[in-house]
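Visitor: Sequence:
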Amino acid sequence: MASNESTGQRLGVFHDTGAPEGSADYTTLVIVHGYVWHGGVFTRLLPLAKEYNTRVILLNRRGYPGSAPYTDEELASFPELPPGDVIQEKVDEAGKKLDVWMRERTYEILHFLEDLVKADSIPQTQPGKNVGGIVVVGWSFAALMALSIVSYGPTFPANNDVDLGKYLRRVVMHDPGLGVLGYIAKEGTYQPALDVSLSEEQRAAAFDAWIGGYYAHGSTLDSLASMPLAEPPSTISTLSPEEKVAMTHPFPDVTVLDLKVTELGVRTGLTATLRERALYDKNKLPGRQDGGSANKLEEAGDGPDTWREVELRLVWCEKSVMQVPYGMMLLGLELEEARKTGAWIRDVRIVRVKEGNHFVHWDHPALAMRAFLRDELEF
Numbered sequence: 001m002a003s004n005e006s007t008g009q010r011l012g013v014f015h016d017t018g019a020p021e022g023s024a025d026y027t028t029l030v031i032v033h034g035y036v037w038h039g040g041v042f043t044r045l046l047p048l049a050k051e052y053n054t055r056v057i058l059l060n061r062r063g064y065p066g067s068a069p070y071t072d073e074e075l076a077s078f079p080e081l082p083p084g085d086v087i088q089e090k091v092d093e094a095g096k097k098l099d100v101w102m103r104e105r106t107y108e109i110l111h112f113l114e115d116l117v118k119a120d121s122i123p124q125t126q127p128g129k130n131v132g133g134i135v136v137v138g139w140s141f142a143a144l145m146a147l148s149i150v151s152y153g154p155t156f157p158a159n160n161d162v163d164l165g166k167y168l169r170r171v172v173m174h175d176p177g178l179g180v181l182g183y184i185a186k187e188g189t190y191q192p193a194l195d196v197s198l199s200e201e202q203r204a205a206a207f208d209a210w211i212g213g214y215y216a217h218g219s220t221l222d223s224l225a226s227m228p229l230a231e232p233p234s235t236i237s238t239l240s241p242e243e244k245v246a247m248t249h250p251f252p253d254v255t256v257l258d259l260k261v262t263e264l265g266v267r268t269g270l271t272a273t274l275r276e277r278a279l280y281d282k283n284k285l286p287g288r289q290d291g292g293s294a295n296k297l298e299e300a301g302d303g304p305d306t307w308r309e310v311e312l313r314l315v316w317c318e319k320s321v322m323q324v325p326y327g328m329m330l331l332g333l334e335l336e337e338a339r340k341t342g343a344w345i346r347d348v349r350i351v352r353v354k355e356g357n358h359f360v361h362w363d364h365p366a367l368a369m370r371a372f373l374r375d376e377l378e379f
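So that you can map any letter, position 373 of the sequence shown is 373 in the numbering used here, and since no number is skipped, the others follow by simple counting.
Calculated directly from the structure, the hints in this document are not laboratory data.
Model, not experiment: these values are computed from the prediction.
Hints may be right or wrong, so weigh each one.
[Claimed, not checked] Here are the simulated DSSO-like cross-link-like pairs (lysine-lysine), alpha carbons at most 30 Å apart as the crow flies:
hint : residue 1 : residue 2
1    : K90       : K340
2    : K166      : K50
3    : K50       : K260
4    : K186      : K97
5    : K260      : K129
6    : K96       : K129
7    : K90       : K260
8    : K244      : K260
9    : K260      : K96
10   : K50       : K118
11   : K186      : K96
12   : K118      : K166
13   : K186      : K340
14   : K340      : K354
15   : K354      : K186
16   : K186      : K129
17   : K97       : K244
18   : K118      : K129
19   : K340      : K97
20   : K166      : K90
21   : K50       : K340
22   : K166      : K244
[Unchecked claim] Simulated restraints on C-beta separations:
hint : residue 1 : residue 2 : range
23   : P47       : L198      : 16 to 24 Å
24   : K340      : S77       : 39 to 47 Å
25   : S121      : G66       : 31 to 39 Å
26   : D222      : D163      : 40 to 48 Å
Note that the Cβ used here is the ideal one computed from N, Cα and C, for glycine as well.
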């Protein structure tokens, strides 16, 4: 696709606060939602925009309110890999198709950002200062999109008018789970969304209690809690029917597609490859620790040097569902081993929110804004 053929208009803007009045160095904070929950789940952040010198844009992904539905042609291009199919040739082919699919979805976001820069002349990021530029946040499933931005960014077609690397200050993976990081869940890990023994209605209720709960985790992989605390209650249980309707889009087709992306990303090894592309010099990668397939997928290009300077931030909430701390512990171990090799590693910052759960942006919006925008690594 030529660089002047923008696909950014396929995405929907749920809300845009506009630039803070009188500010010449504000940050443009673009937030992308996960499964089922759309941009409405971040509305408690909006009143904080001025205090944090930000323009907040809540962006809805394809198939969600205000965005374009997937076309029949796009859906037909999505790879199929039946459960239990381990023939390497089929796994590799599915991985290549998923690579193309993810690149296209990522380019939609990058085109949106490029269009934003062209239309609004937003402030560039200021090296060495925590001001200006664009900070993109991908929450939950969309943390995979955040990872993809850093991974595919250097291959994004150059535009003579806009060098996105000069505007993109930080990409935030907000509360990513195991699969979004490309790791395999430990045996016996329960995920209500995948429980075929439940009816669709039961599955939705079980998922809400599971994903919205508060958990008391230990500090080791073996001491993570699988059941939520009775108090505080699940965030979702505290929502009024009107609030929940205003922030969800429970259309099974698009949710199932998102689940397939996560599953296939792990099975084909693509998500692990995206993680490696994003974190390390492609010529000095550490050994794989995820058990995924080592497909020979297209390498990211060298790209402009500005992309190498983009910070990747992982914000995780200590009281989130088990898959979040489990994934962060595995990533921490991987980074520790990688640093011993002397390989180039991207500027990766891991921020822990002690009192937050998966919906920290709803229950504690100020904590979420600090995690996205400030320099603190723990609070």
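Visitor: Next, verify each hint and record whether it holds.
Guide: Verification of the supplied hints:
| no. | hint | in the structure |
| --- | --- | --- |
| 1 | K90 with K340 | violated, 35 Å |
| 2 | K166 with K50 | holds, 23 Å |
| 3 | K50 with K260 | violated, 38 Å |
| 4 | K186 with K97 | holds, 27 Å |
| 5 | K260 with K129 | violated, 39 Å |
| 6 | K96 with K129 | violated, 39 Å |
| 7 | K90 with K260 | holds, 16 Å |
| 8 | K244 with K260 | holds, 24 Å |
| 9 | K260 with K96 | holds, 15 Å |
| 10 | K50 with K118 | holds, 23 Å |
| 11 | K186 with K96 | holds, 26 Å |
| 12 | K118 with K166 | holds, 13 Å |
| 13 | K186 with K340 | holds, 26 Å |
| 14 | K340 with K354 | holds, 28 Å |
| 15 | K354 with K186 | holds, 24 Å |
| 16 | K186 with K129 | violated, 40 Å |
| 17 | K97 with K244 | violated, 35 Å |
| 18 | K118 with K129 | holds, 23 Å |
| 19 | K340 with K97 | violated, 34 Å |
| 20 | K166 with K90 | violated, 40 Å |
| 21 | K50 with K340 | violated, 42 Å |
| 22 | K166 with K244 | violated, 38 Å |
| 23 | P47 with L198: 16 to 24 Å | violated, 38 Å |
| 24 | K340 with S77: 39 to 47 Å | holds, 41 Å |
| 25 | S121 with G66: 31 to 39 Å | violated, 24 Å |
| 26 | D222 with D163: 40 to 48 Å | holds, 46 Å |
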